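Could you build the full structure based on these sequences and the hints that come with them?
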Amino acid sequence: MDNAAAIRETPLQSIVRCVALWGALVRNSFVRQLEFRADFAGRIVVEFVWLASQLLTFVAAYRFTDNLAGWNRAEMGFFLGSLITIDGLYTIFLYPNQNKFGSLLRNGQLDFYLLYPLPTVFLAFFRFVNVHGVINVALGVALLVWQLSTATLSVNWILWGIYMLLGTLTVACVGIFVTTLGFWTTQTTNLVWFFFELYRLGFRPENFYRPWMRRFLLSVFPAAFFFSIPAQISLGKLGGAWLLYPWLVAGACVALVAILWKRGIQRYEGALS
Amino acid sequence: MSLRAYLRAYGQVLRNALATDMEYRTSYMILVFSSAVTIIMELALFRQVYDGRSEVGGLAVELVPSFVVLGILIRSGSALWGLVYEAIDQIRDGSFRRFLLQPIHYPSYFWAQAIGPKLPTWTLGLILVLVLKQFPDFRNLLPLGHLAPFLGALALTFFLMWQLYLMIVYLGFWIEEAQFLSTAINVGVGVFSGSLVPLAWLPPGLVTFLKFTPFPLVGDFPMRAALGTLAAGEWKQLAIQSIAWIAAMCVINGVLKARGLKTYEAFGG
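Chains as they are written, first to last, in the numbering used here: chain A, 1 to 273; chain B, 1001 to 1269.
No lab work stands behind these hints: they were computed from the structure. Warning: the hint list may mix true and false statements.
Computed list of chain A residues with no C-beta within reach of chain B, every gap over 12 angstroms [said to hold, decoys possible]: (1) Val145; (2) Leu169; (3) Gly251.
Coverage of chain A stretches by chain B, computed from C-beta distances (three or more under 8 angstroms per stretch; other residues unrestricted) [to be verified]: (4) 55-61; (5) 65-73; (6) 195-203.
Listed next, with one range per pair, are the computed distances between beta-carbon atoms [unchecked claim]: (7) A:Thr152 to B:Leu1130: 46 to 54 angstroms; (8) B:Phe1212 to A:Asp66: 53 to 61 angstroms; (9) A:Gly270 to B:Gly1152: 55 to 63 angstroms; (10) B:Val1207 to A:Val45: 18 to 26 angstroms.
Treat the numbers as computed from the prediction; the structure is a model and nothing was measured. From the three backbone atoms N, C-alpha and C, an ideal C-beta is built for every residue, glycine too.
And the structure:
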């Protein structure tokens, strides 16, 4: 909340207005990107190849064992479906904006964002959507449905919905946190790469890794909370205090982003002034 | 054009491409970081698959760290991202016409543009091997005796992959958005070539199909040459197959270029 109009609103009013505006921005982005239909068709092929390579890696691994670090074949399929769905959401909403943030800082566009009667962080990180991510979400959901129809898995769908949303929130906050460091570095391309490489570590369940890496993924860079912990909670593999940790991690990430963003805005001098 | 003039001209293109690429030095740091993340992720998966066993699907456990590192070297050493995009963009926006007007041999130009920026990547790969060999887990990484067969197989891999990329560029004469083919190859080559997981681990039906494609020759072949797991006479047999594929692609690329340029002229202007 860093402009006068937004401060006068209650948080709920502000969220409602953001959602309404965001709907218009999403429609605009979709229409613009769907003009390039051949490109869209090509991306579908690429996403299928990516999905096939992810699945084949695990199909190959499970040819020689029934269990990888306590995950059987069906559970791993469920994990991958959840991963691809959340990764699709990340690709749709955050990724294109992360890439554009550096140019916002350098060409002074952020000056205008500060003047708009909307939270600047919302405009900076959710202004554009990437329609191609819809393919990933569709493939992820299809994989989940296929997995559940062919294997006997006991999934708590309410917990899945809640903890996947928390996972998505954590991904978004960590992504925004790393990109916001651009206020200090000006260039953000490498920051986004850096984030993405660490983000990839979440593509394996955290109990695959050695203890030192597991601790790192559960604390310093909470990639375990992106996909693995939510999937394990929904499958009933984790309970007790683990039900609380994703809330704490997501809350801590939101707080850290708010602090860093505020400091970044204070530091920002504006490229046009 | 004499051989000397040819080498001077395209050597200059190569140096220019290298100089341009070296402006973005940070990208090499990212490459090292990305490789480290991939090594950690892949070793984590392999550790769970082996789970105390000494051999799985023909790959001995002591060769796994070398397999993971070699896979990264083979993939990052041969993959072209920006160049194919740039070349297809040139076809689309019309700036490709300069290759029609100037006395430039386009395949040579493409190769010089590909090799220049890859020189630092290859150097970085060599340094990575030398550093990793100091660690006990990587003591089997590229022993001297495997170096010659590996480099020979790797050279054939580069020839084959880049002929494939050149084919995609020429397809740009017909398909404006042909870049997606290059991305699809880069995304899928790891698993389909046997450089991400051993080819023998994939389902048998898929392996049989893949053997009719050039993919195993750009992953499994150099990998096994480096690990020393090729049977007697197999190196020669796979090298001949690679050369046959390269020759076939050269012919196809020649036809595609000739026909593509005719189509391109139709846009005129």
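Examine each Cβ of chain B, and state whether all of them lie more than 12 angstroms from the Cβ of A:Val145.
22 angstroms, holds
Coverage criterion applied to the region 55-61 of chain A (partner chain B; beta-carbon cut 8 angstroms; 3 residues):
Answer holds; 5 residues pass the 8 angstroms Cβ test.
Over 12 angstroms from every CB of chain B: does A:Gly251 meet that, or does the non-interface label fail?
Consistent with the label, A:Gly251 stays out of reach of chain B, its closest Cβ about 27 angstroms off (over 12 angstroms).
Measuring Cβ to Cβ, find out whether A:Leu169 lies farther than 12 angstroms from everything in chain B.
Since the minimum Cβ distance to chain B is about 23 angstroms, A:Leu169 lies beyond 12 angstroms and the statement holds.
Are there three or more residues in the region 195-203 of chain A whose C-beta lies within less than 8 angstroms of some C-beta in chain B?
holds (count 5)
Supplied distance hint 46 to 54 angstroms, evaluated on CB atoms of A:Thr152 and B:Leu1130
51 angstroms, holds
Okay, B:Val1207 versus A:Val45 on CB: inside 18 to 26 angstroms?
Given range 18 to 26 angstroms: holds, Cβ gap about 22 angstroms.
With 55 to 63 angstroms as the target window, see if A:Gly270 and B:Gly1152 comply at their CB atoms.
Taking Cβ atoms as reference, A:Gly270 and B:Gly1152 lie about 58 angstroms apart, which means the hint holds.
So the hint says 53 to 61 angstroms: do the beta-carbon atoms of B:Phe1212 and A:Asp66 match that?
Violated: the Cβ-Cβ distance is about 31 angstroms, outside 53 to 61 angstroms.
Counting residues of the region 65-73 of chain A that have a beta-carbon nearer than 8 angstroms to any beta-carbon of chain B, does the count reach 3?
holds (count 3)
Of the hints listed earlier, the one the structure fails to meet is number 8.
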